[in-house]
Every structure is written in C-alpha cells, then in structure tokens.
Amino acid sequence: MLATKVEKKENKFQKTLDYVAEYSGVRGAAVFDREGLVVCKTGDKEFKAEVYAPLALLILQQASNVLGRLQEHPAQTLVIKTKNSWITIERIESLVLIVKAGSDTDELLKVRIGQSIDMIKSNLKDNYSLIMR
Amino acid sequence: MNFDIAELDDRIAKCQKILEADPNSQIFAALADAYRKKGLAQKALEICKKGLEANPDYASAYVVLAKVFIDQNNFEEADRQIQKAIHAGGRTRSVDLLQSEILIKLGQTTKARVILEKLHNSDPTSDTIKALLETLENAVAEPPRRDDSISISPSSPKRNYTLTNALSIIKILPRVLGVVAVARDGMVIEGHFEGMMSKDDLGALASGAYDSIGQGIEKIELGKPREILIETDQSKLWICNFGKMLIVISMRDDANLGSLRLKVNEIFDHTDFS
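So the protein sequences, as listed, match chains X and B. According to numbering that gives the first Met the number 0, the first sequence is numbered sequentially starting from 0. According to numbering that gives the first Met the number 0, the second sequence is numbered sequentially starting from 0.
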C-alpha cells in the first residue's frame, strides 16, 4: 500500500516533466534537489541529467553571486541561449527544474515551462509540505 | 486640456486692464496665452507680435508663439519661435520640454532624446517627461516627418545608430534600469546605469558571470552562450554576446522581455559596432 502511494507521488513529478518534454523542440528536462541529486528526468540520450544537475546549480550560484553584489535577491530563473540550445533553469522551492530545448523552439515554451512550475509547486505543497519549510 | 472659460475671461480682463495702463507691459504674453487657451489663435498671434515690437527680448512671448504654432500643427514655425525664446532668455525646464515636444513632432528624435534624458535624470518622477519619452519611443518606430542630420530611424536602412545612440535609446525604454556595453576583457565601453554600484562594476561582474556560466555550458558541449537572462523576484539582468562586446541590460522584474527583445534587436540591427 505504502509503495503504491510513493509511486503515485513520483509519478506527479514525472508527469510534469513528460508534459514539458512533449512540447516540440524540447530535448530533455529534469527535476533535482539543491544538492544536485536528480529526482526525475526525461529526454533523449544526449540529455544527461546527472551532468546537467550539478552544473545548473553551479551556474545558479554564480548568477546569484553577481546579483548579490548588485544588492539583488538570488537568481530565480536563468535562461541561456547558445547557437543550438535553449536552457532554462528554474528554482522551485527546494527543487530545481532544468529544461533543455533546441534554439529554434518557439517562445511559447516559456508558457509550458510556467505551467510545469505551477504543477511542481502544487505537488510540493500537497505532498511535500515538510521539505518546503 | 480643459480650461475654465470663466477663469480665462477673468484673466483676460485683468491682463487687458494692466495693458491699458501700461501699453509696454510684458503682460501681453499672458494675455496672448489666455486667448490661445480659449482657442483664439489669431488674436493670440496679433497680441504677441504687437507686444514683441516693444519687448523684442521677452522670451515668454516667443514661448507663447511656439505654443500657438504647435496648436496649428505648424511645427517648423514653432521650432523657430522656441529657438528665439532660447536666444532671448536661455534654457529653462519648460522651454526644454516644449522644444523636445516640437522636435519629436519634427521627427528629430535624437535631439529630442538628448534633451529629455537630461530632464529625466534631473526629475525621474515627472509624468510629463515620462509621457514625452513614451511618445518619443513610439516616434522612433515611425518614419520622421523631416530629415534630421543626426536622427536615426530604425525604419530606414540607410541610417545607422552609433553605439552611444543605441544605448541611450535602450536606457529610456520602459522599465529598463541600465544598459552597459562591455568589452571582452571586462572593461566598460559605454553605458548608463544608476544602481548601487558603478557601471564599471556592473560591467566587470556581468562579464565575469558570462565567462563562468559560459565555461560551464561549454563543458557540456553546448558552445558559447549567445545570451543569458538572469531573473530574480525584483529584477532581470540580460547579457547578450555581440562578438566584440557584451551588452548588459538591467531591468525591472515587470519588464516585458518579449517586447524589449524586439526593440533591442531592431535597434542593434541598425547599430554600427565598429
């Protein structure tokens, strides 16, 4: 019974990632914690979530250091566009969402990512309220 | 603008009384302005011209004349009158505002921007200046009504922005807090930033952030970043790679990035980075 319940919770994160990944142009997505440990992932073979996760944390930290010097709050969202890729890193409570898409993906991906963030927040609030404190 | 007719009539009566007592009084300008506000442009013109015969150096009269010509959509003549006002009485805040309005109407957006930026820096809260800056922004997207030797309309491919022009325009876009051009060695080339730190510090920090984030991204074989956007709940920092330099734009959190991106791209498409 307990196992079934845990599986159900994990599926909600996975469902969210699948929802992002089904958007045309998305090559991979992952949710990980603040230590870089991957909670769930989806994507093609080139998307190595275990490599992207610690790197994304490092990048978020570097961005926050800059903002700290500017008397600003820590970085909440980071968007990096290269010749071929469009990476979005989003801090959501105690977790981090990373989405990798092709650079030619249309801008409506931002809406899809926004919806996914809401889904993750809702899941955290409903099922993981303790770790949100 | 709506004026109280009774109040205007009262003002006209008082001015006329003074003018009758002293035909050379400078009150004629106020009288002309009251007639202008009543919609009697011709009467205002006659009073001003007659009054200027006795007071040829009275700047306020030229200002009233400029306003009359603005009301008549004769911006060339309004420009001539405002020049006379400046010549006679020097620059004042109201003269600068009026001149910028005329320049916008004439399509001389660069000159208008220089004046408005100065006014905006001295009084960032003024709604009038903000409104004029907004008008200016809209005017930039339209072809100028008359040729302007230093104007730079993005709608005309023959004209190019200098880096200075481009950054000045970006700085006055809605919700933009600052913009800095940084060389690849971290030295600031040019910029406008009114934050807690200097533009040099902002440039160095943004350049450092770009390099370290870029190194991280290259580790996963994604190549050099073309642009990086960092968002907090208070603001956004946008770093764009333009080859020889980085353009760093700091903006409020409620900035419309899509719209800003379009405008910035449009401006930089016509910017000479050499």
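Treat the hints as calculated values from the structure; they're not laboratory data. Mixed in with the good hints there might be a few duds.
The list that follows gives simulated cross-link-like pairs (lysine to any residue, SDA-like), each with its CA atoms no further than 20 Å apart [said to hold, decoys possible]:
(1) K82(X) x E217(B)
(2) K47(X) x R260(B)
(3) K109(X) x L228(B)
(4) K82(X) x K110(B)
(5) K11(X) x S121(X)
(6) K80(X) x G213(B)
(7) K82(X) x T134(B)
(8) K80(X) x K110(B)
(9) K110(B) x T134(B)
(10) K80(X) x R260(B)
(11) K218(B) x S84(X)
(12) K82(X) x D268(B)
Remember, predicted model here, so these are calculated numbers, not experimental data.
Evaluation of the provided hints:
1. In summary, the hint linking K82(X) to E217(B) is supported, as the alpha carbons are separated by about 12 Å, within the 20 Å threshold.
2. Restraint check for K47(X) and R260(B): not satisfied, since their Cα atoms lie roughly 31 Å apart, outside the 20 Å limit.
3. Among the hinted pairs, K109(X) with L228(B) is consistent with the structure: their alpha-carbon atoms are about 13 Å apart, no more than 20 Å.
4. Among the hinted pairs, K82(X) with K110(B) is inconsistent with the structure: their alpha-carbon atoms are about 38 Å apart, more than 20 Å.
5. For the hint linking K11(X) to S121(X), the alpha-carbon distance of about 10 Å falls within 20 Å, and the restraint holds.
6. For the proposed pair K80(X) and G213(B), the alpha carbon gap of about 10 Å is at most 20 Å, so the pair holds.
7. For a cut-off of 20 Å, the pair hint linking K82(X) to T134(B) is broken: about 36 Å separates their Cα positions.
8. Only pairs whose Cα atoms come within 20 Å are accepted, and K80(X) paired with K110(B) is rejected, the gap being roughly 36 Å.
9. The suggested pairing of K110(B) with T134(B) holds, with an alpha-carbon distance near 14 Å, which does not exceed 20 Å.
10. Note on K80(X) and R260(B): the hinted pairing holds, with a Cα-Cα distance of about 13 Å set against a maximum of 20 Å.
11. Restraint check: the Cα-Cα separation between K218(B) and S84(X) comes to about 14 Å, which is no more than 20 Å; the hinted pair holds.
12. For the given pair, K82(X) sits about 18 Å from D268(B) by alpha-carbon distance, which is consistent with the 20 Å threshold.
Against the hints set out earlier in the document, violations occur for numbers 2, 4, 7 and 8.
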